[in-house]
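Chemist: The primary structure of each chain is shown beneath.
There are 2 protein chains.
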Amino acid sequence: MGSQEGAIGIFDSGVGGLTVFRRLVEYLPWESVIYLGDTARVPYGTKSAGTVVRYARACANLLIERGVKMLVVACNTASAYALDALREDLDVPVLGVIEPGAASAVTSTRNKRVGVIGTAGTISSGQYERAIHRLAPDVQVFSKSCPLFVPLAEEGWTEGDVPRRVAREYLGQLAEQSIDTLVLGCTHYPLLKGVIAETMGNGVTLVDSAESTAGVARDMLGAAGAGGHNAPSYQFLVSDAPESFARVGKRFLGCDIEHVEWVDC
Amino acid sequence: MGSQEGAIGIFDSGVGGLTVFRRLVEYLPWESVIYLGDTARVPYGTKSAGTVVRYARACANLLIERGVKMLVVACNTASAYALDALREDLDVPVLGVIEPGAASAVTSTRNKRVGVIGTAGTISSGQYERAIHRLAPDVQVFSKSCPLFVPLAEEGWTEGDVPRRVAREYLGQLAEQSIDTLVLGCTHYPLLKGVIAETMGNGVTLVDSAESTAGVARDMLGAAGAGGHNAPSYQFLVSDAPESFARVGKRFLGCDIEHVEWVDC
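Read top to bottom, the protein sequences are chains A and B. For what it's worth, my numbering labels the leading residue of the first sequence as 506, then goes sequentially. For what it's worth, my numbering labels the leading residue of the second sequence as 506, then goes sequentially.
FYI, nobody ran anything at the bench for these hints, they're computed from the structure. The beta-carbon is built from N, C-alpha and C at its ideal position, and this holds for glycine as well. Be aware that one or more of the hints could be misleading.
[Unchecked claim] For each label pair, taking beta carbons as the anchor points, the in silico distance ranges come out as:
{"#": "1", "chain 1": "B", "residue 1": "A731", "chain 2": "A", "residue 2": "H764", "range": "46 to 52 Å"}
{"#": "2", "chain 1": "A", "residue 1": "Q678", "chain 2": "B", "residue 2": "R635", "range": "31 to 37 Å"}
{"#": "3", "chain 1": "B", "residue 1": "W535", "chain 2": "A", "residue 2": "H764", "range": "54 to 60 Å"}
{"#": "4", "chain 1": "B", "residue 1": "A736", "chain 2": "A", "residue 2": "E664", "range": "36 to 42 Å"}
{"#": "5", "chain 1": "B", "residue 1": "S629", "chain 2": "A", "residue 2": "R615", "range": "46 to 52 Å"}
{"#": "6", "chain 1": "B", "residue 1": "R673", "chain 2": "A", "residue 2": "N735", "range": "49 to 55 Å"}
{"#": "7", "chain 1": "B", "residue 1": "K698", "chain 2": "A", "residue 2": "D685", "range": "57 to 63 Å"}
{"#": "8", "chain 1": "B", "residue 1": "G631", "chain 2": "A", "residue 2": "P642", "range": "56 to 62 Å"}
{"#": "9", "chain 1": "B", "residue 1": "E593", "chain 2": "A", "residue 2": "D769", "range": "18 to 24 Å"}
{"#": "10", "chain 1": "A", "residue 1": "D685", "chain 2": "B", "residue 2": "E748", "range": "51 to 57 Å"}
{"#": "11", "chain 1": "A", "residue 1": "A702", "chain 2": "B", "residue 2": "K755", "range": "34 to 40 Å"}
{"#": "12", "chain 1": "B", "residue 1": "E681", "chain 2": "A", "residue 2": "K698", "range": "32 to 38 Å"}
{"#": "13", "chain 1": "B", "residue 1": "E531", "chain 2": "A", "residue 2": "D685", "range": "52 to 58 Å"}
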C-alpha cells in the first residue's frame with residue numbers, strides 16, 4: 506500500500522488506541538484514517554520517558570511519510586511523554602488524549618474531586634494533573650496507576666472474578682476519596698468499564714478520553730471534508746504480529762479488521 | 506564500563522532472567538557474569554518469532570562485543586524462537602533454557618505425564634514438547650500458556666487472592682490431567698511457585714529451568730576457573746529504565762543490585 510494523502514494518522518503502542526479510532530470514525534465518518542499499532546514494542550506504559558519519545562517519533566514519522574494531515578496520539582503514555590517533542594518536530598496538528606480527557610473531567614465534576622487512573626508512566630508524568638489544573642486550579646486530583654489493567658484487557662479478562670478483585674485492589678482507596686469523576690487515562694481501560702464502574706459506585710462518572718479526543722478532532726477539522734464524493738478508507742498498520750492484532754483488535758473495535766499491514770518502524 | 510573478557514553472558518527480555526543469573530552464580534561462583542535485560546522491548550512472550558529473533562540477535566551481539574565466552578539465553582521465548590539462529594551466528598557456546606528444563610522434566614516424571622506452562626510464544630512454538638520427545642518419546646506433554654503470570658510477577662503480586670484465582674483459571678484443567686511434573690517454562694514463574702504449587706497439588710514436582718540451566722552451564726564449563734586468584738565480577742546492563750530494573754530485580758535476585766548500566770542495543 507502506498508501513501509494516502511490527507512488522512513488522519515493515529516498511533517498507539519498496540520491495540521488500545523482502536524477505542525480512539527472507533528470514536529474518530531463515528532465523529533468524522535467522511536475522513537480517511539490510518540492507524541498504526543507499535544506492537545513490536547508494546548507496552549509503553551512501563552518504559553522510560555526517553556524510550557517512549559524515541560518510539561513515538563518513529564511512529565509519527567512513518568505516518569507523516571504516508572501523508573497524513575493530522576496526527577492523533579491515542580496512547581496516553583506517549584501523549585504524556587512525547588506530545589511536546591512531536592509538536593516541535595512536525596508541521597501537521599498533533600492531538601494527544603490527555604488534554605481532551607482533562608477538559609472532559611473538568612466539565613464533568615461537580616464537587617471538584619477528580620480521580621485519574623493510567624499506566625505507571627502516565628501517572629508518574631503528572632500530565633493529567635497539570636492539564637486539569639491549567640483549566641481549573643481548584644480541582645483536587647487523585648491519581649493511581651493500575652499496571653495489570655492492560656494485560657487483563659489484552660487477555661480479554663474484562664468481566665468476572667479476577668478483574669473485579671484486581672479493580673478492588675487498585676481502586677479501593679480511590680473509591681473512598683469522594684471523587685465524582687474518574688478519568689480512564691489509558692486506552693485499554695474502557696474495556697474494563699464494567700468492573701471499574703462497579704468498584705467506584707454509582708456516583709462516579711467515568712471519562713473516556715477516546716470520546717473527548719474524537720470530539721476535539723472534529724472541532725479542529727470541522728466539516729470541511731463532509732459531503733465529499735470519495736468514500737473514506739481505513740488502513741491498519743502494525744510493527745509486529747498482524748494476525749494477533751486483528752484478533753485482539755476486534756474486541757476493541759467492536760467489528761472485524763480485515764487487512765492489517767506489517768511495517769518496520 | 507568496557508569489555509570483560511571471559512565472562513558468561515546472559516540475556517533476557519527483562520528482569521525474569523535474574524532467576525537464572527542467581528543459579529549461575531550459585532553453581533559457578535568463580536565465574537564473572539554479564540547480565541543484559543532488554544527492558545526497552547520487554548515482553549518477548551507476546552511477540553512474533555521474527556521480531557523475537559531480531560531482538561535476541563541484538564542482545565547477543567552486544568554481549569559478544571563485551572567478550573563473553575559463553576552465551577546463556579535465559580528467556581524461554583527467545584530460547585524457543587532464536588536458539589538455532591544464535592548458534593549459527595556465533596562462535597561461542599550458546600545455551601538456552603528449554604533443553605535443560607526438558608531434561609529435568611524427563612528425569613523427574615514417574616508416570617510419564619508432564620505439564621508445561623509458559624508465554625504464548627513459548628507454548629505456541631512447541632519447543633518444550635519437541636525437546637521432551639527427543640529425550641523420551643513416550644512422555645505425554647500437556648501445555649498451557651499463562652500470559653498474566655508475567656505482569657503479576659513484575660507487579661509483585663505473587664501471593665494472595667488475585668494470583669491464586671489467576672492460577673486456578675489457567676491451571677484448573679491441567680491439574681486434572683494427572684501430571685506428576687510441571688515445567689515452569691518462563692523465568693518469571695518461579696516467583697509464583699507458591700500459588701502454582703498450591704493449585705497443582707502435592708503430587709506435582711515443579712521444574713524450574715533456571716536451576717537445570719545453571720547445572721548444564723557448570724557441566725559445560727567445568728571447574729576450569731575454580732581456584733583462580735581473580736575475584737569474579739558481575740555487571741548488569743539494560744536497554745531501558747535502570748532504576749526500575751534495580752528495584753524490581755531485587756525481588757528476582759533476592760538481594761540488592763548496586764549498579765545498572767544503560768545500553769543502546
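Chemist: Taking the earlier hints as the rules, which of them does this structure contradict?
Modeler: Numbers 1, 2, 4, 7, 10 - these are the hints that the structure violates, sorted from lowest upward.
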